[in-house]
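Peer 1: Line order of the protein sequences matches chains H and V. Take the first sequence: its position 30, counted from the start at 1, is 30 in the numbering used here, and no numbers get skipped. Take the second sequence: its position 1, counted from the start at 1, is 1 in the numbering used here, and no numbers get skipped.
By construction, these hints were calculated from the structure, which means they are not laboratory data. The hints are all genuine.
Heads up, simulated BS3-like pairs for lysine-lysine below, C-alpha to C-alpha not over 27 Å straight-line:
1. Lys-14/H x Lys-157/H
2. Lys-71/H x Lys-61/V
3. Lys-152/H x Lys-97/V
4. Lys-37/H x Lys-71/H
Label pairs and their calculated CB-CB ranges:
5. Arg-167/H x Arg-19/V: 51 to 59 Å
6. Glu-69/H x Gly-31/V: 35 to 43 Å
7. Leu-34/V x Asn-90/H: 34 to 42 Å
8. Pro-5/H x Ala-40/V: 42 to 50 Å
9. Asn-90/H x Arg-3/V: 47 to 55 Å
10. Arg-59/V x Gly-46/H: 13 to 21 Å
Computed list of chain H residues with no C-beta within reach of chain V, every gap over 12 Å:
11. Ser-4
12. Pro-5
13. Asn-15
14. Ile-17
15. Leu-18
16. Val-51
17. Ile-119
18. His-136
19. Lys-152
20. Lys-157
21. Leu-159
22. Asn-160
23. Ile-161
24. Leu-169
25. Gln-170
26. Lys-171
Glycine residues also receive a C-beta, built at the ideal position from the N, C-alpha and C atoms.
So the chains spell out like this:
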Amino acid sequence: MLGSPEKRLKDFLKNRILVFDANIWIHGLLGTESISKLLLDLCVEGIIRVVVDSYCVAEVLRALFRLAEKKRLDPNTLQRNFWRILNADNVIKDFGLSISRSLIGYVIRKDEIRLIARILGLESKDVPYLLTAFKHSAIIITTDDRSLYAQKELIKKKLNIEIMSTRDLQK
Amino acid sequence: MARSITIVLDDDTEKELDRLMREVGVGSVEGLVLRLLREALALRKISELGLENIGEFCREKGDPLEALRAFREILISREEVDSIVRESREEVERLLKE
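Let's have the full structure, built from the sequences with the hints guiding it.
Peer 2: Written as structure tokens, this is what we have:
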């Protein structure tokens with residue numbers, strides 16, 4: 001393909017809805033991994049549409065709190081800045097209810113989530129991403145160490161959900 | 001061991017309870033109590049993770065570009081971030097496993 005990596009990625013992802021896993025969010029926010037950084041740039045510039053659910057937000061917030069502890073930063077400032085990004089027009093917040101009640105919903109539905117995980121050979125923590133992608137016909141962008149990526153062919157076949165890693169996007 | 005409890009309600013509270021059950025969409029008082037109990041247990045797990053105030057800042061508006069710029073000013077290595085993400089992911093996973 002011709003053009004800069006940014007242009008190629010932009011063209012490829014245009015008009016699609018994406019689900020980022022927590023790794024992509026954190027590396028993208030902090031700029032510590034090139035493709036994640038580019039994806040977050042495109043998201044913040046309003047070029048791509050991203051959907052988040054309460055579970056993903058909880059994972060990212062928990063990581064931000066840990067980051068604040070390690071780097072002696074104000075956790076509220078990190079949280080505020082994260083929400084400023086989530087409240088951009090092109091970020092779809094799929095909470096249904098308030099975020100805390102939505103997260104409680106995930107915890108309460110743990111048996112269903114474990115069942116889906118077992119059927120598809122996934123870790124439970126990856127199922128919420130799958131549910132969000134299914135609901136929004138979205139592509140999941142993940143790191144290749146997650147169980148979601150290992151089962152991407154099975155998921156594509158059974159649910160028609162595409163799963164890509166940052167490495168795939170570099171190709 | 002399963003536990004059974006009896007709660008005596010006055011007439012007014014019983015009417016309110018009937019209304020609440022209709023609104024919430026549960027067919028029995030037992031169902032309502034179980035649902036509330038499960039929500040309370042879930043809330044405790046969320047609180048254990050330090051996420052009890054998860055909704056506090058959710059209406060925060062502002063320039064997303066500026067917010068991203070502020071994140072990028074934090075100097076941290078990829079390895080450190082990997083370890084933070086791994087630890088926090090495992091913590092949140094406990095919510096679903098326990």
